[in-house]
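Visitor: Spelled out from the first residue to the last, the chains are:
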Amino acid sequence: MFNIKSKDNGIITYSDLKKPSIRIFYYVLFAVCIIITLISIAPPVWVFLSSFKDIKEFTLEPSLIPKSFDFSRFVKTWNDLKFVKYYINSFYSVAGSVVCAIVFNGLLAYAISILKPKGSKFIYGLILGSLMVPATTSVVPLFINLSKMHLNGTFYPLWLSIGANAFYIVLYKQFFDTLPASIIEAAKIDGCNNWQIFFKIVMPLSKPITMVIAMYAVNAAWSDFLLPYLLLNNSGHETIMVRLFQFRTSIKATDVEVLRAIVFAIIPPIILFTLFQKQITQSNTHSGVKG
Amino acid sequence: MLQVSNKETRKFKIPGVIKKNISGWLIMAPTLILFAFFVWEPLLASIRLSLYSAKGMRTEEFVGLKNYIDVFHHPDFFPAVRNTFSYTIWSLLIGFLVPIIMAVIINEMVYAKGLFRVGIYFPNIVPGLATVMMWAFIFRPGKTGVLNIILGNIGAQPQVWLSNPKLTIPLIVLTMTWKGAGATALIYLAALQGINPELYEAAIIDGAGIWKRIVHVTVPNLRNLIRSLLILQVISVFQILYEPLVMTNGGPNNASISIMQLVFKYAFEKFDYPKAAAVSVIISLFLVTLTAVYNKFSKEQDI
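Chains A and B supply the protein sequences, listed in that same order.
According to our numbering, the first sequence is numbered sequentially starting from 1.
According to our numbering, the second sequence is numbered sequentially starting from 1001.
Don't read these hints as lab results, they were simulated from the structure.
Watch out, some of these pointers could steer you wrong.
Straight-line Cα separation of at most 25 angstroms, BS3-like style, residue types lysine-lysine; simulated pairs [to be verified]:
| no. | chain 1 | residue 1 | chain 2 | residue 2 |
| --- | --- | --- | --- | --- |
| 1 | A | K7 | B | K1265 |
| 2 | A | K56 | B | K1143 |
| 3 | B | K1212 | A | K19 |
| 4 | B | K1270 | A | K148 |
| 5 | A | K252 | A | K76 |
| 6 | A | K188 | B | K1166 |
| 7 | A | K148 | A | K118 |
| 8 | B | K1265 | B | K1055 |
| 9 | A | K19 | B | K1113 |
| 10 | B | K1212 | A | K18 |
Could you put the whole structure together from the sequences, leaning on the hints where they help?
Guide: This is the structure we're talking about:
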C-alpha cells in the first residue's frame, strides 16, 4: 500500500507500526476514515445525481446513477419554480444579517473588551447567561411582539436578531482581548474618538475573526428556517428555506423537482465552503475549544 | 473671547471617568436594545404569557397554573416527553461517541488528514432543512428510497424505515449525527492535537500498550471537553423540532413527536399562545435545572 516514514504524534507510535498486526490495524483505521468521509459526502452527491432524472425514470427505474446528464432539466425547474426570486430574497436576508452580525456584536464586544465602562462585566455575564437559556423559550412571545409591530413580511427582524448573538460576542471579545493596548492608546493620543477607534483601528485589525463570524452568519442566515418561516411565509418574500418547507406543507411538486430544489439550496453554501474551507474548518476547531 | 470660552468649558467639563463610561454605554446601547428585544424580554414575557388566558395575541386574565394543567392532560404530552427523552438517549448512544472515535482515528492518520477533516465537516454546511429532506428521500419506503435500492442490489427485502415506530427515532438521530458529528469531531481533534506528546512517551516507557495509552492519557485529557460538550448536546437535542416536523410530522401515530413540536403545534397551528408558552417554560425549567445539577455534580467529581 503506502509507506509511513515517520509519525511523531498520536497514540500509535512509529515503532508500534513495525509490528505487522498493528500495521494491519492501522490500515483498517485508514479504511475507516475513507468510509466515514464517503458517508459524509455521499447523500448530497446522490441528490445531485438523482435530480438529473425525470420523474418517470425516478419512480420506475430505481437506480443510484441516472441514465443521462441533462442540465436543461435544472434550468426548467429553476424557471418553473421561479427560484430566481427566492435566491434574491435569501441573498437579501443574508447580506443584511452579515452586516448586523458584524457591526452590532463587534460594537458590544469592543465596549466590553477595550472601553470597559462601569457595569460592562455584569453585561458580559448576562450575555454569557443567555447562552445557557434554551433559545426556543422566546420564539412565541417574540413572534407575538413582531406581529403587533407589523413586522411580518419584512426582513428587519431577521437582520437585527442576528445582531444579538452571544456566541459571536464571545468570539469577538476573545479576539479583541489579544489586540495590543498600545495601538489603541496611540489612536487616542492622535485624537480619535471611541467610534473612530472602532471603525478605523479595531475592525481593520480584526479581519481574521470578522471573516470567521461573517462565514458563520452567512451559513446561519442562509439555513435559518423557523423565524423566516413564521415571518415570511406567504408574504412574497420567502427565502429558499421557507420555499423548501412549503413543499412539505402546501405546494405540490414532483419528487425530482423537490430534489432539484434541494440542490439549489445547497449550492451556495458549497461554493462558500470550497472557497474558504481552510478558514472554516480551522476556525471551527479554535472557537469550539475556547467557547 | 478665547479666554472666556476656555473658562466656560472648564466649568462644564464632564469628569473623564464619567465621560468614558457614558461613551462606552452609548456604544453598547444599540446591541443591548437588540438583546432586550430579541432575547431577554421574550424570555420574561414567555413566563408571564403562560400564566394568562388569551384571545389570539391579546392576553385576557390571570389564570394561574391552568395552562400548565391543561398541557399536562393533553393526550400528546406524555408521548412527546417520552420521545424527547428517547431522542436524548439515542443521541447519546449514537451521536456522542461517534465524533470522539472519528477524531481519535483521524488524529492517528499521517496521510490525507486534511482531506478527512474537510470531508467530515462537509455535512455541517448543508442547511438543516435540506439535510432532513434529503434523508427523508434516503429512508423512503418503497422501491424509490435509496436504502431500499441498496438493499435491493444485495437481494434483501425493502423496509419501511421511518414508518416503523421502533426505528423512527433512531433513524432521525442518525440523520442528526450525520449532520453534526463532523463539526464536533473537529473540536475533539483540536483538543487531541493539544495533548503533550511527552505524556504518551512517559506511558510507553511505563510499558503501556495502545489501549492503556487511550485509557490513561487520551481519555483523561479529553475529559473536560467531553463534559461540556455532553451537556451542550443534551440541551440542543432536547429542543429538537424540525427534524421530526419535516421527516415524519411526529408520526407514525405520535411515535416521533417531540416537546418542541408541541410548542409549534400549540402556537402556529392552534394559535393557543399561552399553552405554547407554558410548554416552552417547562422545557426551559427542566434544562436549566439539569444544567445546574450537572455542573454541581461534575464539579464535585473534580475534587
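Visitor: Now, for every hint given, state plainly whether the structure supports it.
Guide: Consistency of the hints with the structure:
Taking the CA atoms of K7 (chain A) and K1265 (chain B), the gap is about 55 angstroms. The hint is violated against a cut of 25 angstroms. Under the criterion of a C-alpha separation no larger than 25 angstroms, the hint pairing K56 (chain A) with K1143 (chain B) is consistent with the structure, at around 13 angstroms. Distance check on the hinted pair: K1212 (chain B) and K19 (chain A) sit about 17 angstroms apart at the alpha-carbon level, within 25 angstroms; holds. About 18 angstroms separates the Cα atoms of K1270 (chain B) and K148 (chain A), which keeps this hinted pair within 25 angstroms; it holds.
Between the alpha carbons of K252 (chain A) and K76 (chain A) the distance comes to roughly 16 angstroms, so the proposed pair stays at or under 25 angstroms and holds. Restraint check: the Cα-Cα separation between K188 (chain A) and K1166 (chain B) comes to about 66 angstroms, which exceeds 25 angstroms; the hinted pair is violated. Distance hint between K148 (chain A) and K118 (chain A) is unfulfilled; the C-alpha atoms sit about 35 angstroms from each other, more than 25 angstroms. With a C-alpha separation of about 17 angstroms, the suggested pair K1265 (chain B) and K1055 (chain B) falls inside the 25 angstroms cut-off, and the hint holds.
Simply put, K19 (chain A) and K1113 (chain B) have alpha-carbon atoms about 23 angstroms apart, close enough for the 25 angstroms limit, and the pair holds. Simply put, K1212 (chain B) and K18 (chain A) have alpha-carbon atoms about 19 angstroms apart, close enough for the 25 angstroms limit, and the pair holds.
In the structure shown, a violation is registered for the earlier hints numbered 1, 6 and 7, in ascending order.
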